[in-house]
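Residue numbers (the working numbering), protein chains in the order written: chain D, 69 to 372; chain B, 69 to 372; chain F, 19 to 274; chain G, 19 to 274.
Read the hints as simulated data drawn from the structure, not as lab findings.
All of these numbers come straight from a predicted model, not from anything done at the bench.
Misleading hints may appear alongside valid ones.
Under the rule of at most 27 Å between Cα atoms (straight-line distance), these lysine-lysine pairs were calculated in the DSS-like manner [what the hints assert, rightly or not]:
| # | chain 1 | residue 1 | chain 2 | residue 2 |
| --- | --- | --- | --- | --- |
| 1 | B | 361 | D | 270 |
| 2 | D | 82 | D | 270 |
| 3 | G | 147 | F | 101 |
| 4 | G | 125 | G | 107 |
| 5 | G | 103 | G | 43 |
| 6 | F | 94 | B | 345 |
| 7 | B | 345 | F | 20 |
| 8 | F | 107 | G | 103 |
| 9 | G | 172 | F | 43 |
| 10 | F | 103 | G | 101 |
| 11 | D | 158 | F | 20 |
| 12 | B | 246 | B | 144 |
| 13 | B | 144 | G | 82 |
| 14 | G | 94 | B | 270 |
| 15 | F | 94 | G | 94 |
| 16 | F | 26 | G | 94 |
| 17 | G | 147 | G | 82 |
| 18 | B | 118 | G | 216 |
| 19 | D | 270 | F | 90 |
| 20 | F | 31 | D | 345 |
| 21 | G | 26 | F | 107 |
| 22 | F | 94 | D | 270 |
| 23 | B | 228 | B | 106 |
| 24 | G | 90 | G | 216 |
| 25 | G | 172 | G | 90 |
| 26 | B | 345 | G | 82 |
| 27 | G | 256 | G | 20 |
| 28 | D | 270 | B | 228 |
| 29 | D | 182 | D | 202 |
| 30 | F | 26 | F | 94 |
| 31 | F | 31 | G | 103 |
| 32 | G | 101 | F | 43 |
| 33 | D | 345 | G | 107 |
| 34 | G | 82 | B | 158 |
| 35 | G | 256 | B | 158 |
| 36 | F | 90 | G | 103 |
| 37 | G | 94 | F | 101 |
| 38 | D | 345 | F | 20 |
| 39 | G | 125 | G | 31 |
| 40 | F | 94 | D | 118 |
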Amino acid sequence: MVDLNVHIGDLQLKNPVGTASGTFGFGEEYADFMDLNKLGAIYVKGLTAKHREGNPYPRMAETSSGMLNAVGLQNKGVDYFISNIWPRIKHYDTEIIPNVNGSTVEEYIEVTEKLNEVEGINAIELNISCPNVKEGGMAFGVSCPSAMAVTEAVRNVFDKTLIVKLSPNVTDITEIAKGVEDMGADAVSLVNTFLAMAIDVKTRRPVLSTVTGGLSGPAIKPIALRMVWQVYHAIKIPVIGMGGIMNATDAIEFMLAGATAIQIGTANFIDPQVTLKIMDGLVSYCEEQNISKISDLTGQLRNI
Amino acid sequence: MVDLNVHIGDLQLKNPVGTASGTFGFGEEYADFMDLNKLGAIYVKGLTAKHREGNPYPRMAETSSGMLNAVGLQNKGVDYFISNIWPRIKHYDTEIIPNVNGSTVEEYIEVTEKLNEVEGINAIELNISCPNVKEGGMAFGVSCPSAMAVTEAVRNVFDKTLIVKLSPNVTDITEIAKGVEDMGADAVSLVNTFLAMAIDVKTRRPVLSTVTGGLSGPAIKPIALRMVWQVYHAIKIPVIGMGGIMNATDAIEFMLAGATAIQIGTANFIDPQVTLKIMDGLVSYCEEQNISKISDLTGQLRNI
Amino acid sequence: MKQIQDFKFSGYKWLNYSTYILTLKTDESVAGLEPGNFAELQIPDAPGVFLRRPFSILDVDHKKNTLSFYIKIVGKGTRQLGKLKLGDKVSVIYPLGNSFTVNGTQKALLVGGGSGVAPFLLLGRKLKKHGVDVTFLIGARTKEDVLLTEEFEKLGKVLVTTEDGTMGQTGLVTQHSAFTDDFTFDKIYTCGPDPMMKAVARIAKEKGIDCEASLENMMACGIGACLCCVTETIHGNKRVCTEGPVFNTKELVWLI
Amino acid sequence: MKQIQDFKFSGYKWLNYSTYILTLKTDESVAGLEPGNFAELQIPDAPGVFLRRPFSILDVDHKKNTLSFYIKIVGKGTRQLGKLKLGDKVSVIYPLGNSFTVNGTQKALLVGGGSGVAPFLLLGRKLKKHGVDVTFLIGARTKEDVLLTEEFEKLGKVLVTTEDGTMGQTGLVTQHSAFTDDFTFDKIYTCGPDPMMKAVARIAKEKGIDCEASLENMMACGIGACLCCVTETIHGNKRVCTEGPVFNTKELVWLI
Ligand SMILES: Cc1cc2nc3c(=O)[nH]c(=O)nc-3n(C[C@H](O)[C@H](O)[C@H](O)COP(=O)(O)OP(=O)(O)OC[C@H]3O[C@@H](n4cnc5c(N)ncnc54)[C@H](O)[C@@H]3O)c2cc1C
Ligand SMILES: Cc1cc2nc3c(=O)[nH]c(=O)nc-3n(C[C@H](O)[C@H](O)[C@H](O)COP(=O)(O)OP(=O)(O)OC[C@H]3O[C@@H](n4cnc5c(N)ncnc54)[C@H](O)[C@@H]3O)c2cc1C
Ligand SMILES: Cc1cc2nc3c(=O)[nH]c(=O)nc-3n(C[C@H](O)[C@H](O)[C@H](O)COP(=O)(O)O)c2cc1C
Ligand SMILES: Cc1cc2nc3c(=O)[nH]c(=O)nc-3n(C[C@H](O)[C@H](O)[C@H](O)COP(=O)(O)O)c2cc1C
Ligand code: FES
Ligand code: FES
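Chain D on its own, in the form it takes in the complex:
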C-alpha cells in the first residue's frame, strides 16, 4: 500500500492529484464520468466579487500540443457560489478549493472575506496570473511588489490555507515566489497559462476575440517543469505543480522537480477520466520503485 497523502499548509490531501481551476468547472460537470471523491482536490472555476460575463466568443483556439483560452473569468460572483453552488458540492469527500480573482486588491479582499466565513472551505487559491482580463489578474502576478501587496492583503483576512497561483509570464518566477512566501502564503501553485496568440490567415484576423489568450497543454510542460524546479529550490513552502500534465509520467516529473501536489488542467478535456488514470499510474510507479510514501518523491531529482 502506497501512502498517497500529501500536506499543503493545514490541508491533508488524500492524494496529490487535483484538477486545475477553469478546466473542471465546479466538479459536477465531471460527476458522470468519475467518482469525484477520489480526487485529492478540486480547484474550482475562478470567482470574482460580482457576476462577470467573461470575454466575447471566440474564446479558444487549438495549437500544436496545446490550446489557447480567453474565457476571462466568466462566473456568477462569489455570493452566488456560496449560496447556490457550494451547497451542491460541499458534500464531496475531497478538498474543494475556490480560485479567487479580482481587478483590484479590494475585490480580492472582498471575495476572500466571504469565503473565509464558509465552513468546509479550508483553502483558497489566489489567482494573480489570469492573462485574460483587462484589469487585475496577471498584472498583479508579473510584478513582485504588487504580487506581495495582494498576498499580504488577502493573508490579513484569511485564516486558512492560502495558495498563491503564479504567472509564468515573468523573467524570474522565483522572485515572485519568494515575495509571496514572505507575505505569508502557505503554498504556491504554478503555472497559469502563457500569454499567446493565434491568427487565421484566411481572414487575417486574430482567432480570439481578445487577440491574445492563455496557452495551456503539453506544449508548455517543459517550461512549467523548469519553473517548478526553480521555485522548489527558492522557497520553503510547498509547490503545487501544473502545466501540460497528461499522464502519470508527467505528474512524476513535476513531483521529482519539486511539486508536493499537482493539478491537471487541459488533459481533462481530452479524457475526463485522466485524473483516475494518473492516480493509478502514480501508485504503480511507487510500487515499481519501492516508494512507500508518495511525498518522498517531491524534489528527489538526482544530479545528472
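Using the hints, position chains B, F and G with the ligands against chain D.
Frame of chain D, contents of chains B, F and G with the ligands only:
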C-alpha cells in the same frame, strides 16, 4: 509575379525566409538538399571570441511538438570562422549573417570588431538570449539595462546592419525591444528558445547534462507570435519573427503579426527542404490574396 | 447520463469526395439520446489534432450498438477521421447537449446547409412519430453537395436550393419560394453556417413563429466545464455544449 | 551525396515480438552507401513523435530499389514504425555518417548487442569481399533476442552469449571465451549498448588492437547542423552523425 523583397536595416533580402542560427550550421550542411542561393538569409551558428566546446552530452530532448537543446555555443571561435569557414560560404548569393555571442561585453565587442572588417558580411545578429551558457548569453537579454549596454557597445564598433536577438524569457519583451532600438539596433529578431527542462522518471535525472535547456518548435509558436505582435506595435525598426514556424501558414501568421522577415529553425531538422516549401507557399498565398509585394503583409492583422 | 465509451470503426459510406457517414460500433449498449445531441470524438493517431472534435449524432442503432455521424472534411481532424481502418478504436463522449423541442408543432420546416443537415434525421423521425408534417429545405452550393435526400424523403417533403442551379431552385436557401408561397409552417428548425441560420431566424421572426437553431461553436471540453463555447443570449452567455447546441433564436443576441 | 527521398512501405519481417525488419522501396534508384551509414526516417502519422529517428542501414538492394532496417521497439516512434500499411510513405534522409574502415584487417571480430547488430550485415559482406576472416559475437539477454544469425553464418563464424544461458555461452558478451582462448583477431568492430561497447573497447586496448565502435547518441538533425549529438573525443567534441557514428575507440574519451 509577387515581389518577395524585404528590407532590414541596409539589407535588401531577396525574400523574407531565413534560417535560424544554430539550426542550419553554416549553410553547407544543407547544400546537398537545396540551392542555398534561394534563401533570403542564412543566420549561421553562434560565434564567440575563442573556441568553445559547448556543454557535455546529452544536449537534446524531444518534447510535445518541440525539442530542448543545450548545445551551449560550441564553435571554433570567430577567427576560425573568418579564415576557414567564411571563404567557403561567402560566394553564396544570399545574405550570410553571423550570430554574435559573448560572456562579457568585451567579448561581444571583440567578435563584432572582427566581423566588422570582413567584406561581404553586411549584418550581424547579436544574440543576447542564449539560455545555454553559464555566463553572459541570456543574462544580457533578460535585463533592460544590460541589453541596452551591450547593444550600445556593439553599435559603437559596428557600421553595418545590427540585428539584436531577444529572449522570450522576460516579463515584458517590448521594454527590451524599445531599449535596444534606442541604442541603435537596426532590427530585432525574436524569439530565442524558452528556458525549459525534461526529466527521465526511470533514472530520476534531468535528461540534459545542463538540467535546463532551450525549448523550440511549434510548441512555442503561439507565445512567439504574441511577442512579435507586441514588439511590432512597440518599436519602429523591423522585426524578424521566429519560433516554431513549420510551414507557409505559420510564416504568414508571423508576418501578419508584424514580422518583416522570418527565420526557420527546428523545422529544418524535420524537413531540410522546408524553407523552399515555405517560399512557394508564401508566393501562392500572395497570388490567391492578390498581394503583389510580400512586404505589404507585415503587420496587416485586421481587427477581430 | 453522459458517458465515455470506446467504439470501434465499423464502416464508411462516402457521399461525395469530402463527405462521409462514419459508423462506429460498441460491444456494450448505446446510451439513449435525443435529436440534437452531439458527441465528442477523439480521433486516433491524428497528428496535429489535440482536442476532441464535436459532431452531431446522425443516427443510432440500439440493436446493432452503433452510432453514426455525417462528417464533412474541413481540416486535419475530419480528414484523419476519414482514414480509419477496421479495428481502430474511437473514444466517444456522448450524449451531449440539449435537444430540439417538438411540443405543439404541427407543420415544421427543417432548413439545413452543409453538414448542418446531420441532426435532421433523428429530428425528422421524432417529428414524424409525433404526427408533425415535415418539410426539409436543403441548401447547397451544387448538386453534389445535396446529400441524404433519400433518407429525408422517407420522412417528409424535400425541397432543395443550389447556388449554381444544378438542382432544385437557384440561389440561397432563404430565397426558396417555400418562404414566399403561402407559408403555413408553425416552426422552423435550422442548422448550418451561421449566416444561413441568422437569415432563417430573421424570416421566422418576420413570420412570427418559433425557430430553433443548432449552433456549432468551437469547443474544448464539450461537457460544460471550460466555458469556451459560449454564445450570447438575452440571459447572458450560455454554453453551447450544455445549454445548447439548440437555442430558440428569440433567445440569441444575433445582430439580425 | 546525402539525399531526402520518399520511400513506400514494402514489408515487415517480424523477428520477435519487439523486433522487426522494415523494408522500404522507392521508385527512383537508391543511393550508394557504405557499412555503418545510417538514415533518418520520418515516421508518418506518429502522434507524439516530433523529430526524425535515426537507424542504421541493415541492407540495400539496388535492383529492387529497397532499403531495410533492423528495428527494436523501445518507444513511441519505433512502435509506430511497426504499424505501417501498404502504400504508407516514409521520408528518408540518407546515407548519413561515416563508415567502418576495413583496410589492413585480416581477422575481424564483430561484437554486437541488441539492435547494434544492424550495421554488421553490410560490414560483414564488405569484410568478406576483402578476404577478411569474420567472426560475429552476439550478446543478448535470452535466446529469443539472438537474431539474424542465419544471415551472419553466410559471412563467417557466429558466436553467441545469452545472459540467461538459453543459447551459446552464459553471461555478458565480454565474458565469452573468444576473448580468452588464443586471441588472434587484429580488429574489433562493435555496436550496441554503451556499457557493452566500453567493455569491448577496454579489451581491445588490453590486446593492443584497433576497435571501431558505432555510437547511437540522441540526434536532432542527423546531418551535422545542430551539434546535439556530440561525443567527447581527444580532439574535442565531435558530431556522431557526421564525424561518426563510427569512431576508433582510441579517439573517444570514455572513462574506461
Ligand atoms: C455541436 C456541434 C456539432 C457539429 N456537428 C457536425 C457534424 O455533424 N458534421 C460535421 O461535419 N461537422 C460538425 N461540427 C463541426 C465540426 O466539429 C468541425 O468541422 C470539426 O471540429 C473540424 O475539425 P478539423 O480538425 O477537421 O478542422 P481544423 O483543422 O481544426 O479546422 C478547420 C476549420 O474548422 C473549424 N473548426 C475547428 N474545430 C471546430 C470545432 N470544435 N467546432 C466548430 N468548428 C471548428 C476551424 O475554425 C477551421 O476553420 C459540429 C460542431 C459542433 C460544435
Ligand atoms: C546512428 C544511429 C543508428 C541507430 N540504429 C538503430 C538500428 O539500426 N536499430 C534500432 O532499433 N535502433 C537504432 N538506433 C536507435 C534508435 O534511433 C532509437 O531507438 C529510436 O530513435 C527510438 O525512438 P522511439 O520514438 O521509439 O523512442 P522514444 O519514445 O523517443 O524514447 C525511448 C527511448 O529511446 C531513446 N532514444 C530516443 N531517441 C533516440 C535517438 N535519436 N537516438 C538514440 N536513442 C534514442 C530515449 O532516450 C528513450 O530512452 C540508432 C541510433 C543512432 C543514433
Ligand atoms: C479553459 C481554461 C480556463 C481556465 N480558467 C482559469 C481560472 O479561472 N483560474 C485560474 O487560476 N486558472 C485558469 N486556467 C489555467 C489552468 O488552471 C492551468 O493553470 C493551466 O491551464 C495550465 O495547466 P494545463 O496545461 O494542465 O491546462 C484555465 C485554463 C483553461 C484551459
Ligand atoms: C539546436 C539549436 C541550436 C541553437 N543555437 C543557437 C545559436 O547558436 N544562436 C542563437 O541565437 N540561437 C540559437 N538557437 C535558437 C534558434 O535560432 C531559434 O531562435 C529557436 O530555435 C526558435 O525557433 P524555432 O522554433 O523555429 O526553432 C538554437 C536552436 C536550436 C534548436
Ligand atoms: S466546450 Fe467547454 S463549456 Fe462548452
Ligand atoms: S544530430 Fe545534429 S549535428 Fe548531429
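Each hint, compared with the structure:
no. : hint             : in the structure
1   : B/361 with D/270 : 17 Å, holds
2   : D/82 with D/270  : 49 Å, violated
3   : G/147 with F/101 : 47 Å, violated
4   : G/125 with G/107 : 41 Å, violated
5   : G/103 with G/43  : 13 Å, holds
6   : F/94 with B/345  : 19 Å, holds
7   : B/345 with F/20  : 45 Å, violated
8   : F/107 with G/103 : 17 Å, holds
9   : G/172 with F/43  : 51 Å, violated
10  : F/103 with G/101 : 12 Å, holds
11  : D/158 with F/20  : 22 Å, holds
12  : B/246 with B/144 : 33 Å, violated
13  : B/144 with G/82  : 44 Å, violated
14  : G/94 with B/270  : 16 Å, holds
15  : F/94 with G/94   : 21 Å, holds
16  : F/26 with G/94   : 22 Å, holds
17  : G/147 with G/82  : 22 Å, holds
18  : B/118 with G/216 : 32 Å, violated
19  : D/270 with F/90  : 19 Å, holds
20  : F/31 with D/345  : 35 Å, violated
21  : G/26 with F/107  : 25 Å, holds
22  : F/94 with D/270  : 16 Å, holds
23  : B/228 with B/106 : 23 Å, holds
24  : G/90 with G/216  : 21 Å, holds
25  : G/172 with G/90  : 23 Å, holds
26  : B/345 with G/82  : 30 Å, violated
27  : G/256 with G/20  : 19 Å, holds
28  : D/270 with B/228 : 37 Å, violated
29  : D/182 with D/202 : 24 Å, holds
30  : F/26 with F/94   : 20 Å, holds
31  : F/31 with G/103  : 22 Å, holds
32  : G/101 with F/43  : 23 Å, holds
33  : D/345 with G/107 : 34 Å, violated
34  : G/82 with B/158  : 41 Å, violated
35  : G/256 with B/158 : 25 Å, holds
36  : F/90 with G/103  : 25 Å, holds
37  : G/94 with F/101  : 21 Å, holds
38  : D/345 with F/20  : 19 Å, holds
39  : G/125 with G/31  : 31 Å, violated
40  : F/94 with D/118  : 41 Å, violated
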